[in-house]
Amino acid sequence: MPSILEVQNLVKKYGDMTAVNGISFSVQEGEIFSLLGPNGAGKTTTISILSTLFTPTAGDAYVCGHSVTKEAMAVKHAIGVVPQEIALYEDLTALENLNFWGKMYGLSGSELSSRIDEVLEQIGLKDRAKQRIKTYSGGMKRRVNIGVGLLHKPRLLFMDEPTVGIDPQSRRAILDSVKELNRSGMTILYTTHYMEEAQELSDRVGIIDHGELIALGTQKELTAQVGEMDTLILHLGENEDPIHLAEMLSSLPGVLQANPTDHEVAVVTPSAEELLAPIVSRTNDLGIKIYSVDMREPNLEAVFLHLTGRALRE
Amino acid sequence: MQLKKLFLIALKDLRLIFRDPSALVMMLLAPFLLTIGMGALTGRFSGGTGSGVRDIPVEIVNEDNGMLGEVLIEVFQSPELGELVSPTLHNELAEAKSLVDTNKSAAVVYIPQGFTESITMMAWDPSIDEVLQIEFYTNPTMPTSVGVLRSILDQFINQVEIGRVSATVIVSQLVENGLILPDQAAALGAQIGQQMAILVDNPSSIKLKTNLAEGEGISFDILAYMAPGMAMMFLMFTVTYGAISLLVENRAGTLPRMLVSPTQPAYVLGGKFTGIFFSANAQLGILIGGTSLMFGLQWGDGLGVALLILAASFGATGWGMLFAAVLKTPGQIGIYGSAVMLIFGLLGGSFFDLRMLPDWIQVINKITPNAWANNGFYILSLGGKLKDIQSNLIALAIMGAALFLVGTFLISKRGLVRK
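So the protein lines, in turn, are chains A and B.
Take 0 as the starting number for the first sequence in numbering that gives the first Met the number 0 and just add one per residue.
Take 0 as the starting number for the second sequence in numbering that gives the first Met the number 0 and just add one per residue.
Everything labelled a hint here was simulated from the structure, so no lab data went into it.
Glycine is no exception: its CB is placed at the ideal position from the N, C-alpha and C atoms.
Fair warning: there could be bad hints in the mix.
[Unchecked claim] Computed cross-link-like contacts, DSSO-like style, restricted to lysine-lysine with a CA-CA straight-line distance of at most 30 Å:
| no. | chain 1 | residue 1 | chain 2 | residue 2 |
| --- | --- | --- | --- | --- |
| 1 | B | K412 | A | K12 |
| 2 | A | K152 | B | K3 |
| 3 | A | K152 | A | K125 |
| 4 | A | K129 | B | K327 |
| 5 | A | K140 | B | K384 |
| 6 | B | K412 | A | K133 |
| 7 | B | K412 | A | K69 |
| 8 | A | K133 | B | K386 |
| 9 | B | K3 | A | K69 |
| 10 | A | K12 | B | K327 |
| 11 | B | K412 | A | K102 |
[Claimed, not checked] What follows is a set of in silico ranges between Cβ atoms, one per label pair, in the way DEER data are often shown:
| no. | chain 1 | residue 1 | chain 2 | residue 2 | range |
| --- | --- | --- | --- | --- | --- |
| 12 | B | Y335 | A | K125 | 41 to 51 Å |
| 13 | A | G216 | B | A400 | 53 to 63 Å |
| 14 | A | Q7 | B | L2 | 45 to 55 Å |
| 15 | A | N38 | B | P20 | 33 to 43 Å |
| 16 | A | R309 | B | L23 | 21 to 31 Å |
| 17 | B | K384 | A | K125 | 53 to 63 Å |
| 18 | A | K133 | B | Q1 | 28 to 38 Å |
With the hints as extra help, turn the sequences into a complete structure.
Here it is, written out as structure tokens:
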């Protein structure tokens, strides 16, 4: 498959702070490529550079063969962008928003009207198209936000955390629509800090942390990096101290990593079943109450944990 | 295509501002209410003269021994101004001034000895080296009345000046063509000057109540002074709102979204400021149309008013551009913008006649669009034509263009999108 996006050693610095540090990857035409990483990892900055909004400090990227630094207009014609924030006019209706943004992408007349109809159908808001955005729920706003990015049928769609802050039902609908768009031939670069989304959607995943791409490949390739490790997630009571427990568990035989998060401790081990009893015993000794335990087989979360020593949500 | 997008952005902003109830209150309702309130304070709505101000007490001291002093007294005593002013003649200047000092009168008009002679003979009599000036001693606590009296005096002086210049030109031409001898020039000049002065002795030529070419009468209306002042002051709110919208759009993500669409950044910026310009024009247009319909206010020459609206909006938009370039957050623009709105309103004469204030204020207030626009609207409301407000239009256009260039330079230097 030909490469629709080629990113070469991209760097972005703000004074002394390096937001993106030498990222390189490529996206093949027709695939869903996810950039997975915690908040502040550099995902949005990367998307901003690729969509020509920011100029990189060093490096370059090519969309359909056009340099984002030298041929911005050609790049802009080829891409669609769904930003993380709801970039819509709240005092305009969905129809007026789509009309405005369609015209900004050069659509007009009957072509614009039919595209607006199609998009409204696609996002399931035809009936409420004449209501102002400010009357919509968060999920509906997200859907219009996505719809705007689709109006001009871009070859490459950048979706920057499109499911942030919405209810599970709307999230499900958005994930389904991403898959549907991909089936219709659209290439998608998707950023998220939700491991489940990256896992469900992506053909390939790039894991990003502190502005660096620390792993890249298919899910199979990535999980292979952590071998046959299991992860035990210990859910603690609100008053318990996960940091203290993680320290105490680190010394147990068979524990490779113990990472605290909010009310949880993630324990990476080659054999979860054998470790369960010693863990329960140790927590009893410490007087720490565990409400429940989840056992997870190797996944992208475990990969991130393995590579960084931190959980994705930290 | 790019230009089309510029107008698309501008019209979108215009639509948005008219859908924001709080913006509409500040843009339209507040200036309307303040105008009405100030009109009520001056008695504009309680009947009587068109100005709402009547029986303005004015003290006249005439020491002139010529015709022009008499003419000026006749003007003040004319039936046309009978309801508006209440003149009293005095022999002693000190006595007249004491009435003003004790707040019993709005002003003293002092016509110095030799006033007529200094005007009619200055060109021919080498012993007269300057035109003597009428002294206008005013009461700062009665700004509106003083404004009315000053406009009467201004019109009188304009007529006299026309007469003086005309006489000089005519006599010079006659001497040059050999039709009269140089030693006859002084006598003839004085005679023509006197004739011109007689023309002034027609109160209808005083522009307080004059006639347009079409024969339609114009009356001085105190609201014609207040309404533009309020409109201009709240115009600064509109441009501040526009400047805020640039930063708000940046935060909301709609500005970055415009910039990742196939649109040149310059056209996005141009669209934003055309939007402010459109909004400013709409605001002034509505306020002017509204006050005309509601209060029967005569704004004067239509073309002049239209061009002045455009120029004032452009000048004010330049300030909006500068706010957006210099200030960093919507909150900052809101605070500083409101302060600037009030300061410009004060300096620009939105509340009182600036001629009462020290000269230096009348110099620094030239940086405000309010001063130029208020003055222009005032001239037009008194029957002035387009040519009379040319300098106002040019000044506002230069102000808008200069601030736009500075703002564009600063914004392009730091980038349109702020991280």
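Now for the hints, and whether the structure bears them out:
Among the hinted pairs, B/K412 with A/K12 is consistent with the structure: their alpha-carbon atoms are about 17 Å apart, no more than 30 Å. A hinted pair counts as satisfied when its Cα atoms are at most 30 Å apart, and A/K152 with B/K3 qualifies at roughly 21 Å. Of the supplied pair hints, the one linking A/K152 and A/K125 holds, its CA atoms being roughly 19 Å apart against a limit of 30 Å. For the hint linking A/K129 to B/K327, the alpha-carbon distance of about 35 Å lies beyond 30 Å, and the restraint is violated.
Pair hint A/K140 plus B/K384 does not hold up; C-alpha atoms about 53 Å apart against a cutoff of 30 Å. For the given pair, B/K412 sits about 34 Å from A/K133 by alpha-carbon distance, which is inconsistent with the 30 Å threshold. For the given pair, B/K412 sits about 19 Å from A/K69 by alpha-carbon distance, which is consistent with the 30 Å threshold. Pair hint A/K133 plus B/K386 does not hold up; C-alpha atoms about 49 Å apart against a cutoff of 30 Å.
Between the alpha carbons of B/K3 and A/K69 the distance comes to roughly 24 Å, so the proposed pair stays at or under 30 Å and holds. Under the criterion of a C-alpha separation no larger than 30 Å, the hint pairing A/K12 with B/K327 is consistent with the structure, at around 21 Å. Only pairs whose Cα atoms come within 30 Å are accepted, and B/K412 paired with A/K102 is accepted, the gap being roughly 28 Å. Roughly 45 Å separates the CB atoms of B/Y335 and A/K125, a value that falls within the hinted 41 to 51 Å.
Checked against the hint of 53 to 63 Å, the pair A/G216 and B/A400 passes, with Cβ atoms roughly 57 Å apart. Checked against the given bound of 45 to 55 Å, the beta carbons of A/Q7 and B/L2, roughly 35 Å apart, lie outside it. The given range of 33 to 43 Å is respected by A/N38 and B/P20, whose C-beta atoms sit roughly 36 Å from each other. Judged by the Cβ atoms, the range 21 to 31 Å given for A/R309 and B/L23 is violated: they are separated by roughly 51 Å.
One distance hint, 53 to 63 Å for the beta-carbon pair B/K384 and A/K125, holds here, with the actual separation near 57 Å. Roughly 30 Å separates the CB atoms of A/K133 and B/Q1, a value that falls within the hinted 28 to 38 Å.
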